[in-house]
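Could you put the whole structure together from the sequences, leaning on the hints where they help?
There are 2 protein chains.
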Amino acid sequence: MENEKRYNQIEAARKGIITDEMVRVAQVEELDAHIVREGIAQGEIVIFENKKNVKDDKKICGVGKGLRTKVNANIGTSRDWINCDEELEKLQMAEEAGADAVMDLSTGGNLKEIRAKIINAAHIPVGTVPVYEVLHTFCEQGKGIDAIKEEDFLRAVEQHGEEGVDFVTVHCGLTLDAVMKIKNQGRRGGIVSRGGSFLAHWMVRQGKENPYYTYFDELLTIAKRFDLVLSLGDGLRPGALADATDRGQIQELIVLGELQKRAFEAGVQVVIEGPGHVPLDQIETNIILEKKLCNNAPFYVLGPLVTDIAPGYDHIVSAIGGALAARYGADFLCYVTPSEHLRLPTVDDVREGVIASRIAAHAADVVKLGNKARRWDDVFSSYRQKRDWKRQISLSIDPKKAQELYEGKKPSIDDTCTMCGEYCSYRLSEKTFQEMEKGEKTEV
Amino acid sequence: MENEKRYNQIEAARKGIITDEMVRVAQVEELDAHIVREGIAQGEIVIFENKKNVKDDKKICGVGKGLRTKVNANIGTSRDWINCDEELEKLQMAEEAGADAVMDLSTGGNLKEIRAKIINAAHIPVGTVPVYEVLHTFCEQGKGIDAIKEEDFLRAVEQHGEEGVDFVTVHCGLTLDAVMKIKNQGRRGGIVSRGGSFLAHWMVRQGKENPYYTYFDELLTIAKRFDLVLSLGDGLRPGALADATDRGQIQELIVLGELQKRAFEAGVQVVIEGPGHVPLDQIETNIILEKKLCNNAPFYVLGPLVTDIAPGYDHIVSAIGGALAARYGADFLCYVTPSEHLRLPTVDDVREGVIASRIAAHAADVVKLGNKARRWDDVFSSYRQKRDWKRQISLSIDPKKAQELYEGKKPSIDDTCTMCGEYCSYRLSEKTFQEMEKGEKTEV
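Protein sequences appear in the order of chains A and B.
Numbered continuously in the numbering used here, the first sequence closes out at residue 1736.
Numbered continuously in the numbering used here, the second sequence closes out at residue 1736.
If you are wondering where the hints come from, they were derived from the structure by calculation, not from laboratory data.
The structure displayed is predicted, hence computed values, not measured ones.
Take these hints with a grain of salt, some might be off.
Heads up, the list lumps identical chains together, so a pair's fine if it works in one copy or across two of them.
What the hints assert, rightly or not - Quick list of in silico lysine-lysine cross-link-like pairs, PhoX-like style, CA-CA up to 25 Å:
1. Lys1409 <-> Lys1701
2. Lys1344 <-> Lys1404
3. Lys1730 <-> Lys1435
4. Lys1723 <-> Lys1500
5. Lys1664 <-> Lys1682
6. Lys1435 <-> Lys1723
Shown next as structure tokens:
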């Protein structure tokens, strides 16, 4: 088969083999391919590509140590808002805005059909949360949560793997013990992970341990078959500043660290998911903890949101936390849109969310990667200094938006903008330095 | 006169007098008035209130150590865009969105008239940059920069003081020596402060030292007359990441520290202005430097912007830098709007800019002030957990926006939103904990 890989990245890497995908990651990251191979062999880098979903027009996406910080955009229907075309528009917008991956989090309508369309249309890796499918299928069939069996949870992951999903969130670390800890401790926000709260509900009602934890070896076997990256979900991520870095969250992280090791040994690629709502002064601690407890596995954070009080602006709240998280070592930022906490996002929200996260990622990369990232700022600022509007705008993170604003109020002097007009500081200081040059020459 | 104070805050504070303004600051900050008095006596806190502009309906605004981080919104015309009514709308929007102060940076039209209208309409302190008036007046009269005399610079400050301006930016530290340093060193962005570039131009053309530096004592005499707070401007603030924390910037900061000391001794309230474009990893250093070099005077930063490449989204870029700056000790954030670097902002830009800065300020205050600030998040999150949409929305940083988004896609189940609908994690985990409660009781 042309469009199927025969190897797993991590196994190849351990044998010293540099795969095509490693070469492609190395190219876009401007790294030696040996470094990428070594990172994968150590479990510190992953490449999202299901063996069954190899496409020529799909952008390669490596995540982890030494690589550019990546951005994921969540799309997908909800039971209240089912419009597959709109979700495909969101996918297109996410790609246009520069997302490195998308997750289809659909929980409304025909999930399989929507997923197939998204996988088919995507030029970037696609992730999912198979547990949503489990929940939704049973609710749609009118059977409810109690009818769900342990094997249904594994079956959903296998099904998503078969369909070509590149990475899946599995809340493996959410044990009965951790749920009990949360209950005893009390929480401002409770369990805010949708998958986590569903799993916890199932576990408590059935009095059974989390099947993704109990049958973790079986899960690994499935993941291995597709080279499916497991994104070990944080079902107990804090959903309020008050809950950040609490016992429940860290308890789960410890378990995720154990599971990461087992996955790594079994040759399955893993990333670890992280918070959530975290005050500014706890972000560094959260990154250090993940890196220590989870053997430097790539860290995939949702936000972090540095305040609870700004619905409508949570893309900004998350950009603040995300920039800081990435600067301290988070590898993969899940975007948050202005609609977070309020409604399913619109197509325009997707753009706002992706750009805000990309700003955070780049601001961090300027520090993490040095000139490789800073080059963009430097070239950009040269154009700005020269008032070269055309080049400035085309080099902007969102040229369309920059153009739109600039054109919105056209200046009367070409090489300025309406902020300062002829009192433009760039123009003035250029003249000043010329004057100094002249002055010096005159004196000679 | 009813609306005129007879004392200066700093002189009263030194005599151990607690003024009405100190009491009002203490009330809104939930502090003992003695702490506010002591902060002012030490030059670590300022209160913006021109003796001639005391109004009953004007909100008190203290800035400095131990106080809530404040937000300033820049408004004002440019030569290319003169519409006084629009600027008054911006003022109103800034106040509605929660700005603590505004600066009228007008450089187009009848500046005196626009300023008078803004001062008259404002319910928050008003700042200006008198040097713009100097530049504009001479250019409008067709005389040009060369006709401007040293005394014109001081005259403008005096005039603004007479008119009731509460604080003025004066670029006192921009010496010929510093300009020469910048020229010799070279810069990606040159001089990006509008006032700074104009002053430098005048200095170089006339071969004279900065009059605000030369006649600093005269400036202090004027400031004292009105209890006008001097905002010592950073004419050499970096306008590109490449220029951050360079010799020119720090040279100027050293001079500002010397001048702060002279002002403090003379009984004049001072804040120090800071950058600008600064990479994430240099923000803490910039705050420590200012606090050390300028005797813990309040720090007023513009941004900082953590990347150069995102025009159209510079409110987000600045929120990232501002949050970090404030968390490390910056006291006063100057907002940046989405239109920064592209055009004069619109009324809507003003809202976006103020909210983004307020998010940054609050995220920092959660760390700096602890529960006093975190209370808001905690109460908010309790409503969120209970799916109390009415209270959540009314407690949001921008209730109008939150309402608008929530209403944009109404859920089919009242106590959820369309993001998850009936799969709402708050609902599910509430049920789970109830289940556990029941289970335990049954077992007993």
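### Task
Could you place Lys1344 and Lys1404 in one of the four classes (within, between, both, neither) given a Cα distance threshold of 25 Å?
within (16 Å within a copy, 70 Å between copies)
### Task
Since the copies are identical, ignore which copy is meant and state whether Lys1664 and Lys1682 lie within 25 Å (CA to CA) inside a copy, between copies, both or neither.
within (23 Å within a copy, 48 Å between copies)
### Task
Using 25 Å as the alpha carbon limit, work out where Lys1730 and Lys1435 are close: within a copy, between copies, both or neither.
The answer is between: 23 Å across copies meets 25 Å, while 85 Å in one copy does not.
### Task
State whether the alpha carbon distance between Lys1723 and Lys1500 is at most 25 Å within one copy, between copies, both, or neither.
between (75 Å within a copy, 17 Å between copies)
### Query
How would you label the pair Lys1435, Lys1723 (within, between, both, or neither) given a Cα cut-off of 25 Å?
Result: close only across copies, 18 Å inter versus 76 Å intra.
### Task
Please work out whether the CA atoms of Lys1409 and Lys1701 approach to 25 Å or closer within one copy, between two copies, in both situations, or in neither?
between (41 Å within a copy, 24 Å between copies)
Going down the numbered hints, you'll see the structure goes against none, and every one checks out.
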